[in-house]
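Please build the complex by placing chain G on the supplied structure of chain H, with the hints as guidance.
Order-wise, the sequence lines are chains H and G.
Take the first sequence: its letter number 485 is residue 485 in UniProt numbering, and every next letter is one higher.
Take the second sequence: its letter number 462 is residue 462 in UniProt numbering, and every next letter is one higher.
I should point out that these hints are in silico values taken from the structure, not numbers from a laboratory.
Please read all numbers here as calculations on a predicted model, not as lab measurements.
Don't take every hint at face value.
Same chains, same names: a pair is fine if it fits in one copy or spans any two.
Said to hold, decoys possible - Okay, derived cross-link-like pairs now, SDA-like style, lysine to any residue, Cα gap no bigger than 25 Å in a straight line: (1) 215 to 479; (2) 572 to 256; (3) 529 to 106; (4) 154 to 42; (5) 572 to 263; (6) 292 to 538; (7) 219 to 519; (8) 583 to 565; (9) 132 to 646; (10) 296 to 196; (11) 223 to 598; (12) 219 to 516; (13) 223 to 593; (14) 293 to 538; (15) 455 to 394; (16) 215 to 418; (17) 154 to 83; (18) 126 to 42; (19) 572 to 265.
The lines below spell out each chain.
There are 2 protein chains.
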Amino acid sequence: MSEPEKSEDIPEESAGKEKGSPNGGNPAKSEEDFNLAAIYVSDAQYNRNIYFDTSPQAVRLYMRYNHWIPKVLLYFFILVDLSLALFEDPAIFPLPIWATMLVELLCLLVFTLRLGHYAQVIPRDKFWKDPKNICIIVILLLTLVDMIIYGALKATNCYGVRWSRVLRPLLLVNVTEGRQLRRAFRSIRNALPQIFYVFLLFMFSLLIFSLMALKLLGKRGLKTIDGSPYFTNYLQILFDLYVLVTTANSPDVMMPAYNNSYVFAIFFILYILINTYIFMSVFLAVVYNNYKKYLKEEVRQLVRAKRHKMVQAFGVLQEQREGGGEPVVTHHNWNQLIRLVQPDIRNAHRELLWSVADDNNQGKVAFVQMADLLNIEVITLKSRPHPLHGLCPALYLSAPSRLLCRLVQHRAFVIVYDLIILVNAVFIGLDEENPLIANSEWAFLALYLLEILLKLYVFEPRAFFSRHSFWNWFDTIIVVSALLATIVNSAVIYVCLSVVAGNYTSRQILDIVFILRVLRLIRVVDSIKRFRTIINTLIRIGPAILTFGQLIIVVYYIFAMVGMELFKGKVKFYAEDSSDPEKAFCGNPLLNGSDFAQLNYCKNNFNNVVSSFVLLLELTVVNQCSGFATVTHASARLFFIVFHIMVVIVIINIFVAFVLEAFFVEYSVEKSDLQTSLERKIEELELCLICKVRGPGAQRGGGSGDLKRGLEVTEQTK
Amino acid sequence: MSEPEKSEDIPEESAGKEKGSPNGGNPAKSEEDFNLAAIYVSDAQYNRNIYFDTSPQAVRLYMRYNHWIPKVLLYFFILVDLSLALFEDPAIFPLPIWATMLVELLCLLVFTLRLGHYAQVIPRDKFWKDPKNICIIVILLLTLVDMIIYGALKATNCYGVRWSRVLRPLLLVNVTEGRQLRRAFRSIRNALPQIFYVFLLFMFSLLIFSLMALKLLGKRGLKTIDGSPYFTNYLQILFDLYVLVTTANSPDVMMPAYNNSYVFAIFFILYILINTYIFMSVFLAVVYNNYKKYLKEEVRQLVRAKRHKMVQAFGVLQEQREGGGEPVVTHHNWNQLIRLVQPDIRNAHRELLWSVADDNNQGKVAFVQMADLLNIEVITLKSRPHPLHGLCPALYLSAPSRLLCRLVQHRAFVIVYDLIILVNAVFIGLDEENPLIANSEWAFLALYLLEILLKLYVFEPRAFFSRHSFWNWFDTIIVVSALLATIVNSAVIYVCLSVVAGNYTSRQILDIVFILRVLRLIRVVDSIKRFRTIINTLIRIGPAILTFGQLIIVVYYIFAMVGMELFKGKVKFYAEDSSDPEKAFCGNPLLNGSDFAQLNYCKNNFNNVVSSFVLLLELTVVNQCSGFATVTHASARLFFIVFHIMVVIVIINIFVAFVLEAFFVEYSVEKSDLQTSLERKIEELELCLICKVRGPGAQRGGGSGDLKRGLEVTEQTK
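Isolated chain H (complex conformation) (with noise of 0.2 Å):
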């Protein structure tokens, strides 16, 4: 009966299930096979794609490998093993080698255990066959190496590396939670190829337009500014001419040239509109390219893996009608199903979702589909009356209260506050030391605080409060900190004055109260319609960034180790009162009078992991790295080249690919097949619902996101 779908690629357990469910006869189901049902579901609907075994202790297993907290726990121990690199030397806060390697081994065995547990859920060869296992072993294998290596080394006062170090953001994506991240570097990889391609031409033309300089510019005689001869080695030229493709020697390194003729800036033109304008849009045009279609290719298969899942759980809960005819699930089964699935469904939600379900009437088909239709977010609010209208009808009904609930709701309500924010704006532009405009913000306080109470009072507040109302939370959340930390700061300044008389405050909370402040104000883009579309796309994309920031953390970290190890000590950072006569020049006389003591860049240093993250964001913006081949070797150049091809031709290619197609697909947003089902359901049964029908988006990130998307549909029937 479900032959077409099978034949696909169904594994070899699923045969095994099919006969504990014979035919004939309906047997009620037992508690076994609404769990693997309802593991099946769930796997569908947060696109897991595991083949675990479907033994009934596997299945137990199995559950308790997918519970929340030994998830957490998992990302904790990550954490930790990544923030070790804040303890090991080069360190910030130094601890003892022989504390941080407990620590690590710690985490190894949680890695382990986790490993294992797995290993437990499905079958052997499945496991042994799946790279990403294979992976977590050697990192788990080579890590002990290196700490016994590294053990020994230091017990013997020997130098040693802790090269392993390196391997640890790898753990971030082997596990079987970094799905989305995974499938981020398997876009990157399936782009590589023709990235390649582009990056060999574009080397090409590089090496031919340094040849050209050398040939042009270098037996001129011309002088740099620190009066080293111009353009008369080829490796330096090459270099050069790298760098202004990242623009950060963009006037410098043609000033010489064009000091000495004008004829030379065309050299530099050309070059520029070529290089930086013309490939490195190529490059953006390659990556979109691909990503777009390993897009589309990953979401086939995530939707065929999914339908699959779906008709494998249809098969576990499946029963013969009495006239024959296709199986179906019960109304019963369906919804013991759904209570497994999501025990914090209301009971309308789950009506809602089997009368879509069973509308189409055709069993598996609408059963397939159900996945879908718990992603999609139905708050169901009944349009209760407000509490004070159950506790004291007379008076919330009587015409002042009445006369304020239209106030509230009137469009001037928005303006009068809008104008408010802004005034606000000017005061804290103004000296706070004032003690009016330091006393106008208990003023502001008070404001923002009546402009939510009176919204509470004639909205419902669990309606106010529900969980996409996100600018209700914003303001709640800002106001309300920015009005504790103000009383801490006060007291404090208070305390501070009675006890010793001085003008101390504490800097931290008055940062805080500034920042807090200043945040209130961005409340009034809500208001403005047009800006409206732009923020919920910004904020849909919030998640996929996310995973962004998780790409970024691999590769940094990756760089950040090698880099510690490469340049650690080089460059000494002194405070800005300390008198070192060192401080000239970052504590190393090789940077004496250059560029990158005078700018005072000492604190651009590899001494330690945080420093290295700055930096490396730094060169990520503009990719300026004289001082470290200084003060090592010119072949240091190497690492930051390598790491601009790989952090801005690519990743941050990449991401602004993602932004651009979430900006297209807002353009062009198309209601989903499923979601206008919903809506149309909820329409015809005139539930008195404010309906909030939202896309998956937000839960997916990463590549398919931006597939099936959000809309707003408030509607409000009698």
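Okay, now just chain G, sitting in the frame of chain H:
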């Protein structure tokens, strides 16, 4: 019969034509009819959209208007008018005012004559309704007024500003031939509202971040690198953070805060993430989206207008068939029309077109396609025997000669020459003062010449130098000019040696020799197949890049004129060997000790139009303008911010969008229907042709160049 088309937007003049050709009796078409039809066809072919008068006299005038000589003259005088900036104060080559004024008057006269000609061609009411004519008249009048005022002021030794110079580049936009440039401006204008809303949001984010920076960092008493207070002035912060978006002051602006505490790095990281990465991507997305949307609309209009013109041409030449039915254009008339439209067309090509058009046998429908068919270039090269084969068949067909042909056509031949090029690259990189190296150049030149001669021996010369054999032309031109330049160079050295016995070499000739030598290396790219698609796309977008070049020149010219009035003479450049003490601060004491003077940026000034253009280009790449704010006033920064918004956010993004679109289309290329029908026909007819079918991409350029695309099919049938 042609009602559906005429009802669309047919102008009144065609109605007058109808009665000229009464429908009975099919009288022979007059020369005027052919002229009119030919003009409609060529208007359709080149996408001209001019509603000219259809009286025989106006048609003749219109034909003269479209002749290439007046067009070239017009562009020549526009060029002269624009390049007057070189001779006017502040000038590179100063000329007396009367001389430049006289030339400008001449230019104005030419423009007036051309406009007068145009006014004779099109109906009076159309002329006055067209904004571009009004625009030209206003520009001419304003220029005249300005010249009179300026002349009068100069005669009385008063200070005068030639403000009308700003208007000059607008002529380039408003002349009839500036169609593509107008299209580009229209696409910018259409994108502006959407860009504006994103820009407002971006400005809002900038204001919020600046306010936060002021509150967080203003009171800490931090100092910038030159000792001035850090982040204490709101406007200064705003400007600094705006410049950070352009990444020009990337680590510098953050260093004082970062040196104070690691925590402040978070502020800058958030700022860069939101404003530099996300907002700039959103700008690109908005620009790209609008570009694509309006491109589609423009192309639709173009196609409609083209169809309409062809229907009109058909209306002029149609004849009733004997047996009644649809009117047709006879083969004889068709031939005469084609000969008028494209006098240089080959007979074989014309017959091919007729057989394609006649094949469908639908009269008008087939006729309407003609404009597109004409745009598809079919290079008909009969595979005629080699001239030597004709001259001396015994020798050309002898065994050694055949062996040679096979050798040259073998893949190894290409590989050998690629290796020679690589060896040559190494030799170029070596020191050319070594006599061995210098003489090796002759060997390489001989080898390259030999290659060309061998190829000419093997391949038919006309096929070798066909119009689209880009690389053959490239090779030959480069090698021959290198040969000439090397000979001239040697001669110069020889003459100089014998005359003055010095070691003077003409630097200019040597430079050209070097450039030609390096350019020769590019050829290696063509033999790698993977690169060819990328290179071909780049070559194909070449003409469109010229449109962008014009766009950029219009905007740069306006900014250069304004900049020269604002900043001329504020910064002076002293030659390298000058011993003037003012050289250290670019001749302006205000710059004493500033970065601007220390980095030797003195030549980045607005003292003449060439250095203004170079400076504006530098500002496009990296917007760094602190020097000019120092020598004038902080408000001078407005000039640079406006420039950045106009050029980088709008124009460069459109350029990137254009390159992206070109590559996306490249990756999903499909043959257009017309091209395939042409190819099928070629196959059917088994014509003994080497056909190269190419799309009209290169000719259309600008907006529509990427709609119907080139493909190369080399068909050789017996």
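Now for the hints, and whether the structure bears them out:
For the homomeric pair residue 215 and residue 479, the shortest alpha-carbon distance between copies (18 Å) is at most 25 Å, but the shortest distance inside one copy (66 Å) is not. Taking the shortest alpha-carbon separations for residue 572 and residue 256, only the inter-copy value of 16 Å comes in at or below 25 Å, while the best intra-copy value is 32 Å. In this assembly of identical chains, residue 529 and residue 106 lie within 25 Å of each other by CA distance neither inside one copy nor across copies; the values are 52 Å within and 54 Å between. For a Cα distance limit of 25 Å, the shortest separation of residue 154 from residue 42 qualifies neither inside one copy, at 49 Å, nor across copies, at 85 Å.
With identical chains, the CA atoms of residue 572 and residue 263 are at most 25 Å apart between copies only, with a shortest distance of 19 Å across copies and 43 Å within one. With identical chains, the CA atoms of residue 292 and residue 538 are at most 25 Å apart both within one copy (19 Å) and between copies (22 Å). In this assembly of identical chains, residue 219 and residue 519 lie within 25 Å of each other by CA distance solely across copies; the values are 19 Å between and 58 Å within a copy. Taking the closest pair of Cα atoms, residue 583 and residue 565 come within 25 Å of each other only inside a single copy of the chain (23 Å); across copies the shortest separation is 45 Å, beyond that limit.
With identical chains, the CA atoms of residue 132 and residue 646 are at most 25 Å apart within one copy only, with a shortest distance of 22 Å there and 49 Å across copies. Taking identical chains as interchangeable, the C-alpha atoms of residue 296 and residue 196 lie at most 25 Å apart only when both belong to the same chain, with a minimum of 22 Å there against 32 Å between chains. For the homomeric pair residue 223 and residue 598, the shortest alpha-carbon distances inside one copy (20 Å) and between copies (14 Å) are both at most 25 Å. Within a single copy, residue 219 and residue 516 get their C-alpha atoms only as close as 60 Å, which misses the 25 Å cut-off; across copies the closest is 17 Å, which meets it.
For the identical chains of this complex, residue 223 and residue 593 are neighbours both inside a copy (17 Å) and across copies (20 Å), given an alpha-carbon limit of 25 Å. Both within a single protomer and between protomers do residue 293 and residue 538 lie at most 25 Å apart by alpha-carbon distance, with minima of 23 Å and 22 Å respectively. Taking the shortest alpha-carbon separations for residue 455 and residue 394, only the intra-copy value of 20 Å comes in at or below 25 Å, while the best inter-copy value is 102 Å. With identical chains, the CA atoms of residue 215 and residue 418 are at most 25 Å apart between copies only, with a shortest distance of 22 Å across copies and 63 Å within one.
Within a single copy, residue 154 and residue 83 get their C-alpha atoms as close as 21 Å, which meets the 25 Å cut-off; across copies the closest is 74 Å, which misses it. When the C-alpha separation of residue 126 and residue 42 is checked against a cutoff of 25 Å, the pair qualifies only within one copy, where the shortest distance is 21 Å, while the shortest distance between copies is 69 Å. In this assembly of identical chains, residue 572 and residue 265 lie within 25 Å of each other by CA distance solely across copies; the values are 18 Å between and 38 Å within a copy.
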